[in-house]
Amino acid sequence: MKKRIITIGEVLMRLATTGHNRFFQADDFKVHFGGAEANVAISLSCFGQQTSHITVFPDHDIGKTASNYLKKNDVDTSNVKFLDKGRMGLYFHEKGAMQRSSKIIYDRFNSSFSFIEAMDFDWDAIFRDSDWLHWTGITPAISATAAKFCSTAIMKAKEHGLTISGDINYRRNLWQYGKTPKDIMPELIANTHIIIAGLIDFENCLGIKKNSFEEACYVTCEKFANIQKIATTRRKSVSASANRLSGVLYDNGDVYLSKEYEMLQIVDRIGGGDAFMAGLIYGLLYKGNQDALEFAIAASVLKHSISGDANMASVEEVEKLVRGENIGRLLR
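Letter by letter, the sequence shown follows residues 1448 to 1779 in the numbering used here.
No wet-lab data here; the hints were simulated from the structure.
Treat the hints with care, since some could be wrong.
When the alpha-carbon atoms are kept at most 25 Å apart in a straight line, the in silico PhoX-like pairs for lysine-lysine are as follows [stated by the list, open to error]:
(1) LYS1477 - LYS1518
(2) LYS1629 - LYS1670
(3) LYS1605 - LYS1449
(4) LYS1670 - LYS1603
(5) LYS1626 - LYS1603
(6) LYS1605 - LYS1629
(7) LYS1532 - LYS1511
(8) LYS1657 - LYS1629
(9) LYS1656 - LYS1670
(10) LYS1449 - LYS1477
(11) LYS1519 - LYS1477
(12) LYS1528 - LYS1511
(13) LYS1595 - LYS1605
(14) LYS1605 - LYS1528
Model the full structure from these sequences, guided by the hints.
The structure is reproduced here in structure tokens:
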């Protein structure tokens, strides 16, 4: 039976240099749309789940194009709203190669999403017959109203008995409206069941500084009784084109480790963490901890072979990778 997953967050327009051109070489850009939470929704739609994304866009053709991008990827947009203030948030991407790192430049100040208001949404209707809410730490970092929007969504989802997941996703440059992560994030995390976090996230959002992921998870779960599971990915960067990737899941003192994958010709690593999150949500809905983690890391690996922000892989493709089947073969 399909589950209904609600995601909330800003959608940006990505302008990427073509090929491996540097910014100063570029005379054209490839357009993609994406956002951490919307990427999760699209991936889960590819896994056959019902998804709905809650956001706002500027009320012009670019905003409507971004909304249509969600719709054509089977994400419900009935709760998307359009504002006559603000602008479309952007980011620019220069793809690295070999030992040259990739670069991203954000241009999202004063975006329409920064003006989002929690009161403009019928949360009871949104969460009726829904199973899961997913948020990230990007949303409360954007503006005071976005933080209130995120908090309201979490509390309403809790009232309706949804499972709540959050990718803590600390972004130092975003917190510019007079609040720090430690002012806002602990309350949001306290009402969340499953989080994605690394050592930097624990330290900057919760003030928990430990030398290992397992130690940080233990202290976090002792402090926040609502948290059931914590996961993270471990990436070893040989170069911009070659990485090794694995995952870790912590559950009540038990630690699960995934297999490690070697990725030698990365096509596009943006959205790899979102693909992991979507895979973990799907896995935890239908599988046990170890199988859920293996599904999540395999989903992330496949995302690295796909252009754009979102993972367009199917459940069958992910499960075949988990089993080591049809790897790199020509399928007819």
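Checklist entry - For the pair supplied as a hint, LYS1595 and LYS1605, is the alpha-carbon distance within the 25 Å limit? => result Distance ~15 Å between LYS1595 and LYS1605 Cα, so the pair holds.
Checklist entry - Regarding the pair LYS1657 and LYS1629, is the alpha-carbon distance no greater than 25 Å? => result holds, 16 Å
Checklist entry - Hey, LYS1626 versus LYS1603, does the alpha-carbon distance stay inside 25 Å? => result Holds: LYS1626 and LYS1603 sit about 23 Å apart, inside 25 Å.
Checklist entry - Regarding the pair LYS1629 and LYS1670, is the alpha-carbon distance no greater than 25 Å? => result Satisfied, since the Cα-Cα distance of roughly 14 Å is no more than 25 Å.
Item to check | Pairwise hint evaluation, LYS1629 against LYS1605, where the allowed Cα distance is 25 Å at most | outcome: holds, 22 Å
Checklist entry - Taken at face value, is the distance from the CA of LYS1449 to the CA of LYS1605 at most 25 Å? => result Holds, at roughly 20 Å.
Next on the checklist: Check whether the Cα positions of LYS1670 and LYS1603 lie no farther apart than 25 Å.
Outcome noted: holds, 22 Å
Next on the checklist: Hint check: LYS1605 vs LYS1528, CA-CA at most 25 Å. Holds or violated?
Outcome noted: It holds: about 23 Å lies between the C-alpha atoms, which stays within 25 Å.
Next on the checklist: Does LYS1477 sit within 25 Å of LYS1519, going by the straight-line distance between their CA atoms?
Outcome noted: holds, 19 Å
Next on the checklist: Given the hinted pair LYS1656 and LYS1670, is their Cα-Cα distance within 25 Å?
Outcome noted: holds, 13 Å
Next on the checklist: For LYS1449 and LYS1477, compute the direct alpha-carbon distance and say whether it is at most 25 Å.
Outcome noted: violated, 34 Å
Checklist entry - Taken at face value, is the distance from the CA of LYS1511 to the CA of LYS1532 at most 25 Å? => result It holds: about 14 Å lies between the C-alpha atoms, which stays within 25 Å.
The structure is inconsistent with hint 10 alone, although it conforms to all the rest.
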